[in-house]
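If you're matching them up, the sequences are chains U and L in order. Numbers 26 to 332, taken from my numbering, label the letters of the first sequence in order. Numbers -17 to 247, taken from my numbering, label the letters of the second sequence in order.
Check each hint, because a few of them may be wrong.
[Claimed, not checked] Here are the simulated EDC-like pairs of lysine to aspartate or glutamate, each with C-alpha atoms no more than 20 Å apart in a straight line: (1) U:LYS158 to U:GLU114; (2) U:LYS202 to U:ASP223; (3) U:LYS121 to L:GLU104; (4) U:LYS121 to U:GLU143; (5) U:LYS121 to L:ASP(-5); (6) U:LYS322 to U:GLU237; (7) U:LYS161 to U:GLU143; (8) U:LYS161 to U:GLU114; (9) U:LYS161 to L:ASP(-5).
[Claimed, not checked] Output of the computed footprint for chain L on chain U, the stretches with three or more beta carbons under 8 Å from beta carbons of chain L: (10) 75 to 87; (11) 95 to 101; (12) 104 to 110; (13) 126 to 132.
I should point out that these hints are in silico values taken from the structure, not numbers from a laboratory. Quick caveat: nothing in here was measured; it's all calculated off a predicted structure. Quick reminder that beta carbons are idealized off the backbone N, C-alpha and C, glycines included.
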Amino acid sequence: MATAVSARSLTKRFGRREVLHGIDFEVEPGTVFGVIGPNGAGKTTTMRCLLDIIRPSGGEIRVLGIDPRLGGPGLRRRIGYLPGELFLEGRVTGRKLLAHYQAISGPIPPGRIDSLAERLGLDLDRHTRQLSKGNKQKLGLVQAFMHQPELLVLDEPTSGLDPLVQQEFHAMVREAKHRGQTIFLSSHVLSEVQQTADTVAILRDGRIITVESVEGLREGAVRHVRFTTHGIPAPDAVALLSGVPGIGQVEVLEEDGSVTLSATLEGAIQPLVRMLGSLELTDLVLDEPDLEEAVLKMYSGQPEDAR
Amino acid sequence: MTTLPLFRRAFLDTWRSTLGWAAGLAAACFLYLPLYPSLGGSAEMQDMVNALPPEMTKALNYDQIATGPGYAQATLYGLLGFMLMTIASVAWGAAAVGGDEESGQLELTLAHGVTRGQVVLERALALFLRVVLLAALVCALVWLLNGPAQLDIKLDNLLGATVLFAGLALLSGTAALCVGTVTGRRTYGLAAGATVAVLGYVFNAVGRQSKEVEWLLELSPYHWAYGNSPVANGADWAAAAWLWGISAALVAVAAVALERRDVGA
Chain U
26 MATAVSARSL
36 TKRFGRREVL
46 HGIDFEVEPG
56 TVFGVIGPNG
66 AGKTTTMRCL
76 LDIIRPSGGE
86 IRVLGIDPRL
96 GGPGLRRRIG
106 YLPGELFLEG
116 RVTGRKLLAH
126 YQAISGPIPP
136 GRIDSLAERL
146 GLDLDRHTRQ
156 LSKGNKQKLG
166 LVQAFMHQPE
176 LLVLDEPTSG
186 LDPLVQQEFH
196 AMVREAKHRG
206 QTIFLSSHVL
216 SEVQQTADTV
226 AILRDGRIIT
236 VESVEGLREG
246 AVRHVRFTTH
256 GIPAPDAVAL
266 LSGVPGIGQV
276 EVLEEDGSVT
286 LSATLEGAIQ
296 PLVRMLGSLE
306 LTDLVLDEPD
316 LEEAVLKMYS
326 GQPEDAR
Chain L
-17 MTTLPLFRRA
-7 FLDTWRSTLG
3 WAAGLAAACF
13 LYLPLYPSLG
23 GSAEMQDMVN
33 ALPPEMTKAL
43 NYDQIATGPG
53 YAQATLYGLL
63 GFMLMTIASV
73 AWGAAAVGGD
83 EESGQLELTL
93 AHGVTRGQVV
103 LERALALFLR
113 VVLLAALVCA
123 LVWLLNGPAQ
133 LDIKLDNLLG
143 ATVLFAGLAL
153 LSGTAALCVG
163 TVTGRRTYGL
173 AAGATVAVLG
183 YVFNAVGRQS
193 KEVEWLLELS
203 PYHWAYGNSP
213 VANGADWAAA
223 AWLWGISAAL
233 VAVAAVALER
243 RDVGA
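Excised from the complex, chain U in its bound form (with noise of 0.2 Å):
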């Protein structure tokens, strides 16, 4: 089956400033692709550069098996953008902009704009220039979604949301990739796209460091391990510790009576649960995997060995 976006050494100078230096990827149909980095890492640029917004300076795009430069009106009425700042001025009600923008896009389902609407708590009847940044936000979710497109890109498409609007927003999100449509979304933390990515690319200086699933980043992510035993004196225990594939940072916390030590795991628990199982333990904490923390490393340019 083809990709629906794949992009192939794309470059793209603003004047003398490389903004993009070369970046492969794929998004297969029917999946939810998500693209996390810090500002300015690029992630906005690779998303304009699908819409045909801006022009590669170099490499190559297919969007839904096309490239965009060629694809025309065509094309973009087959996706759904959300474009990561939206401004909407003018005196207008969401209602009227929405007709504006259904006029200009692919056909819409009747009551499409409606329910939507209500999901996110959205009253189209206001101007769009009296409405929060929020309210802004779902207008612009609204206006990507209503025509059921075979794409949505979707630029930090939870920004300004609250928790219980964000938690809609993934329901949208899974929804759309249940009825296979291809989703491509970006964020500047994991948090927002683990929920609902299956694929993550994670973006830094214009550079893909890393394309992974969500499950392949957990693994490899970091995990704390704390507990505390007895019948057994600090030293062996670190020794014994420190044993284990993967564990790293061991510190002594306590050790009259009662040893307790800390580390870090990374990798397989495995070993690590049959090493405890030799100890008389009396609390154990392992923590879920920071996801997070394995990306800020990735983000700070440290190297991730071993990937």
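With chain U fixed as given, assemble chain L onto it according to the hints.
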């Protein structure tokens, strides 16, 4: 599918502004024209105009205000009406694409099922239509006041002058649209439109002063349009063709320019 969706939005969403300019132009008609019998046509007024420095009379085109058509030409078409129409047209032209890009809204429009050429052409069409509507309104009001104000303007001269009146405003407006589109900045568009209008007016005023600087008149769109006082003497149709033709060419340049560049970058 709606036909010309971008044109409709550009035209209908600015109806307040269109109405405002229409009110301003109507006020200009009702203020100036009924005064003709007591001002322009009177002997005292002619004496006063004769007493003015001749350079000033020429600059303001007041050398012709002793007749009804000349009065309408100099005061309404040549001065206040020209100003109002130009400002309206330049403001709309600069906002059409450059302003829309600067405010960040063009990006979303272009992400939909439209071509860039279509965006420029439909919005230019909205500009043309609004300017034509305003010119038609002025034409109708002048015709309405023609009898009561004893202006004695001939209908075909009035229609010809209306075509030039609209063409002159469109030239500045499309210059604003073109530069705004090429640069993506509303301010540059405004500056370009204002420059065309002001230089045109100044070149006319200065060029009329003496033989040595007469060549300036050739560079003045204002003089192309009004050099022979169309309200009094009928339109110079070649001038009208130039004004409308250059305006259309500026729109075409804008359409091609937008097609070729990054937006919002």
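Okay, the hints, checked on the actual structure:
| no. | hint | verdict |
| --- | --- | --- |
| 1 | U:LYS158 to U:GLU114 | 12 Å, holds |
| 2 | U:LYS202 to U:ASP223 | 10 Å, holds |
| 3 | U:LYS121 to L:GLU104 | 19 Å, holds |
| 4 | U:LYS121 to U:GLU143 | 16 Å, holds |
| 5 | U:LYS121 to L:ASP(-5) | 10 Å, holds |
| 6 | U:LYS322 to U:GLU237 | 15 Å, holds |
| 7 | U:LYS161 to U:GLU143 | 14 Å, holds |
| 8 | U:LYS161 to U:GLU114 | 10 Å, holds |
| 9 | U:LYS161 to L:ASP(-5) | 19 Å, holds |
| 10 | 75 to 87 | holds (count 5) |
| 11 | 95 to 101 | holds (count 4) |
| 12 | 104 to 110 | holds (count 4) |
| 13 | 126 to 132 | holds (count 5) |
Hint check: no violations occur; every hint is consistent with the structure.
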